[in-house]
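> Using the sequences plus the hints, can you model the full thing?
Chains A and B supply the protein sequences, listed in that same order. Number 167 in our numbering belongs to position 167 of the first sequence; there are no gaps in the numbering. Here our numbering = 1-based position in the second sequence + 1000.
If you're looking for bench data, these hints aren't it; they were derived computationally from the structure. Worth double-checking, as some hints may not be accurate.
To be verified - In silico DSS-like pairs for lysine-lysine, Cα to Cα no more than 30 Å straight-line:
#	chain 1	residue 1	chain 2	residue 2
1	A	Lys257	B	Lys1240
2	A	Lys23	B	Lys1103
3	B	Lys1015	B	Lys1103
4	A	Lys89	B	Lys1253
5	B	Lys1015	A	Lys9
6	A	Lys9	B	Lys1253
If you're wondering where the values come from, they're calculated on a predicted model, not measured in any experiment.
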Amino acid sequence: MSLEQHEAKLLSAISTPGSDAAKIARGLDWIVVGILVFAIIAAYHIHMMLTVGDWDFWVDWKDRMNWVTLTPMLLVVIPAALSYPFMEKFGLPIAGTLCALCLMIGEWASRYFSFHLWTYFPMSMVWPSIVIPGLMLMDMVYLLSRNLFVTSIFGGSAVAFAFAPANWPILAPYHVPVIHMDQVVSVADLIGYTFTRTATPEYLRMIERGTLRTFGGESTLISTFFSAFVCMILYFVWWKIGEWLTNMGSTPNVLKKYVGYSDDVEKEKQ
Amino acid sequence: MAVTQDNIVKNQDIKPWKFNLKPMIICMLILVALMGTARWYQQWAAWDFGLDATDPMFDVYWMKLFWAQIIIEPILFVIFVGYMWLTRDKHLNDLAPREELNKLILWISMLVVYAFAFYFAGSLYAEQDASWHQTVVRDTSFTPSHIFLFYGTMPIFIIIGFTLFFYAITRLPFFAKEISIPLVLVVCGPFMLLPTVGYNEWGHAFWLMEEYFTVPLHWGFVFFGWSIIALGGVLVQVIKYIIDLMPKVINEKGELLS
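This is the structure:
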């Protein structure tokens, strides 16, 4: 792809160290970083908290069925959509990693300032799921392959495949069995019983149930595989949605005559 | 090349480049002060006076605050948006490229403020709502978390968003000639979070309580939150335009021409 004359001029200008053009370009970069960080924290966090929030909020909801299945499916959506403008328009395969980092900032701030300081839950009960490894892998596949189909299959599924292993080291101690009032429960359950959520009755806790348990120790693996399958499709679909949202273009402004753009003036200029 | 008196005089006429980040920094500090004060107030008044909407103290400490917000925010909206429209540039077609670049970069820097305000509504105060409602049974639509989330942080980013939209269509030729659809989505999508509160509160009042946060009743917020993805489209449009605009303002060596 060859550069047009004005683009070549601009490239030469911003490549001159210490020039005004270089200062403008670099300053603009930092401003855009500020916009993206805050906007992504907000958009990604509201999306996650209202779709898989409960499994993410509470340690006793972090099960082998819904948490492992649903979280990667919802995790892949916004990074996939942003992969299009980041990679195709700016050549930056960082959408997944940036989204993961932003989500972590938003979640940790919320868990500390709201769940811990305001409603007095211990941080050991409300830590957010670890999501950075899977989304980094997704970016890595996109960087290496530069191909939508390959990234959908291997990058999308990587989000799901990395999710349980990434969280397992921190979650394992909470799954140690203990005896509580003559019943076998996990440490996570015991924490949940101790710090009561008045408006969240125990009978509404949606954690693993049904026939998945007949697979014995394979529950996490089965959930992960199903999640990976859906992630592949979701990555593709949401990448396309990102493409559509990015290239929506413009529509005529009926108010432009009030700011000096009447049709006559424009014709005169031409 | 010899330096002549003419060159010196010509160069002196060109103002050196300086980012005008003062408005952005001032607005960010105002937001930090507002949101910090709101959070401090919650810590102080929520557990003591915010548990029961029928308690007379609830009226004193929380409903007065609610009514103050409901009165002040529409007034601020009309003032800011009205100011942008009434003081519009009526000769945008004559705007010099350097001036246009200054205004465009100022507008982009103010998008940071919009994103920062949206952060408080979409992240910090939104999830805080879960920490409160799943711990304390909600009895009405007005609770210590809602009064700041729905009637504080959301109107604030809506006011900023619409003000920036009107700044764009009245002062920036690129957005005045044609309306950017991604920009409309970035402003109107998050705005729709506020009307969604109506559906949310209707559902909670007549249908179900807030036993879990991922209840489908809340997914309207998710849908409109997705519209911020169009920000990618806005940035692509703006940066493409800057690539066309900057060569009119600088030479090959990167020095300003005007």
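> Work down the list of hints and note, for each, if the structure agrees.
Hint check:
Restraint check: the Cα-Cα separation between A:Lys257 and B:Lys1240 comes to about 25 Å, which is no more than 30 Å; the hinted pair holds. Proposed proximity of A:Lys23 and B:Lys1103 is supported: the alpha carbons are some 16 Å apart, at most 30 Å. Between B:Lys1015 and B:Lys1103, the direct Cα distance comes to roughly 15 Å. Compliance with the 30 Å bound is thereby established for this hinted pair. With a CA separation close to 26 Å, the supplied pair A:Lys89 and B:Lys1253 stays within the 30 Å bound.
Distance check on the hinted pair: B:Lys1015 and A:Lys9 sit about 21 Å apart at the alpha-carbon level, within 30 Å; holds. Proximity of A:Lys9 to B:Lys1253 is assessed by CA-CA distance (about 9 Å); at most 30 Å being required, the pair is judged to hold.
Against the hints set out earlier in the document, no violation occurs for any number.
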